[in-house]
Amino acid sequence: MACPNVSWGCLLLLLCFAWTGDAEYMKYKDPKQPVNTRIKDLIGRMTLAEKIGQMTQIERSVASADVMKNYFIGSILSGGGSVPAPQATPAMWVNMVNEFQKGALATRLGIPMIYGIDAVHGNNNVYNATIFPHNVGLGATRILT
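For reference, each letter of the sequence shown is one residue, going -23 to -1, 1 to 122 in mature numbering (1 follows the signal peptide of the UniProt record, and there is no 0).
Be aware that a few hints might be false.
[What the hints assert, rightly or not] Pairs of lysine-lysine residues, derived as DSS-like cross-links and limited to a Cα-Cα distance of at most 25 angstroms, are as follows: (1) K46 x K17; (2) K46 x K6; (3) K28 x K79; (4) K79 x K4; (5) K46 x K4; (6) K4 x K17; (7) K4 x K28; (8) K28 x K17; (9) K46 x K79; (10) K46 x K28; (11) K6 x K28.
I should point out that these hints are in silico values taken from the structure, not numbers from a laboratory. Just so you know, these numbers come straight off a predicted model, no measurement behind them.
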């Protein structure tokens, strides 16, 4: 009687392997593939709306996880004074950006978004953080002559 149980077990195991074989292979998600191969695969899968969304950068004040997901937005920028809340802490910034990223990763292709901060005149968006001078001022500190 042990023989039929072994046969059913083998059949079940074979069915499990056959079922997992149906998953679609996505070259763009395979880090072992050359970059150009991954890029061609990803762009070939994208709809026109996804391509337009990836080329779009929006301001933080109009961003949300739903906007990122529904419009395939490629990047968000915090302009001067564009903060998650008055006196925003580092944890508030991290939580905000993570929420936007969740929306981007929830799209069909799961392309992560890029987050930027306009800090040309010194970055002072984090409450009680050190404010560094304009980039030209930082560069001038390295003049040796």
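Verification of the supplied hints:
1. K46 x K17: Cα-Cα ~22 angstroms, so holds.
2. K46 x K6: holds, 19 angstroms
3. K28 x K79: Roughly 19 angstroms separates the two Cα atoms, so the pair holds.
4. K79 x K4: holds, 22 angstroms
5. K46 x K4: holds, 22 angstroms
6. K4 x K17: OK: K4 and K17 at ~9 angstroms, within 25 angstroms.
7. K4 x K28: holds, 18 angstroms
8. K28 x K17: holds, 13 angstroms
9. K46 x K79: holds, 8 angstroms
10. K46 x K28: OK: K46 and K28 at ~13 angstroms, within 25 angstroms.
11. K6 x K28: holds, 17 angstroms
No hint from the list above goes unmet by this structure.
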